[in-house]
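Asks: Protein sequence lines, in the order shown, are assigned to chains G and H.
Taken in order, the first sequence gives residues 1 to 113; the numbers are from the numbering used here.
Taken in order, the second sequence gives residues 1 to 114; the numbers are from the numbering used here.
A portion of the hints provided could be inaccurate.
[What the hints assert, rightly or not] Every beta carbon over 10 Å from chain G, so not counted as near; a handful from chain H, in silico:
1. T7
2. E18
3. V43
[Said to hold, decoys possible] In the DSBU-like style, the derived pairs of lysine-lysine whose C-alpha atoms are separated by at most 30 Å in a straight line are:
4. G:K38 with G:K56
5. G:K38 with H:K78
6. H:K57 with H:K78
7. H:K42 with G:K54
8. G:K56 with H:K78
9. G:K56 with G:K68
10. G:K68 with H:K57
Source of the hints: derived by calculation from the structure; they are not laboratory data.
Treat the numbers as computed from the prediction; the structure is a model and nothing was measured.
We put the beta carbon where it would ideally sit given N, CA and C, even for glycine.
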Amino acid sequence: DQQVKQNSPSLSVQEGRISILNCDYTNSMFDYFLWYKKYPAEGPTFLISISSIKDKNEDGRFTVFLNKSAKHLSLHIVPSQPGDSAVYFCAASRTDSWGKLQFGAGTQVVVTP
Amino acid sequence: EPEVTQTPSHQVTQMGQEVILRCVPISNHLYFYWYRQILGQKVEFLVSFYNNEISEKSEIFDDQFSVERPDGSNFTLKIRSTKLEDSAMYFCASSVDSRNQPQHFGDGTRLSIL
Chain G
1 DQQVKQNSPS LSVQEGRISI LNCDYTNSMF DYFLWYKKYP AEGPTFLISI SSIKDKNEDG
61 RFTVFLNKSA KHLSLHIVPS QPGDSAVYFC AASRTDSWGK LQFGAGTQVV VTP
Chain H
1 EPEVTQTPSH QVTQMGQEVI LRCVPISNHL YFYWYRQILG QKVEFLVSFY NNEISEKSEI
61 FDDQFSVERP DGSNFTLKIR STKLEDSAMY FCASSVDSRN QPQHFGDGTR LSIL
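Based on the provided sequences and hints, a complete structural model is requested.
Replies: Okay, structure coming up:
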């Protein structure tokens, strides 16, 4: 199932700089998108979400951008901190799907001092 | 902050045995989910549950799987006759609503089938 794709398996960024994570989707029926962060041996932790009626949502250091025509979303983390080192998952759902989330494969982010 | 709790953290079971994975969702949440992640693969949806009924299930969720909310707090996933390919991390999640509301995940149960 390749409806949600994260094409970059890893990203290395210096502390204090911006991290940009990308996600593409193929199903135009998706209307709610989320980003999760995951540390080893823990479950996914919700970071930020966006509904398809918006193109941007911001929460502190995290901003999600949605480009519906390109079926693309991105997560910006500014400034990056060492504690941001984790795997980041993009997920998408449809209003008519009883909450079923479809996940991307994840991007491993490493923030270096 | 309220959280989803899952027990046990690790379960080792012989192939063919029944296993029950337990979850306590966040108390004011009404929608409950199970996902799994096989090592090296994506997180996959198994089932959603609302008002004591399955709302949606994936093709993975065959007759070997069942879910139950036996009381007001627990939400369980039962695998009747485990197979080697059931070895995975199983995550429980809950949400206030199924629409445009984030799901909050537990830390998972690692299920190892021998």
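Asks: Going through the earlier hints one by one, which of them does the structure break, listed in rising order?
Replies: Hints 3 and 8 are the ones this structure does not satisfy, whereas the remaining hints hold.
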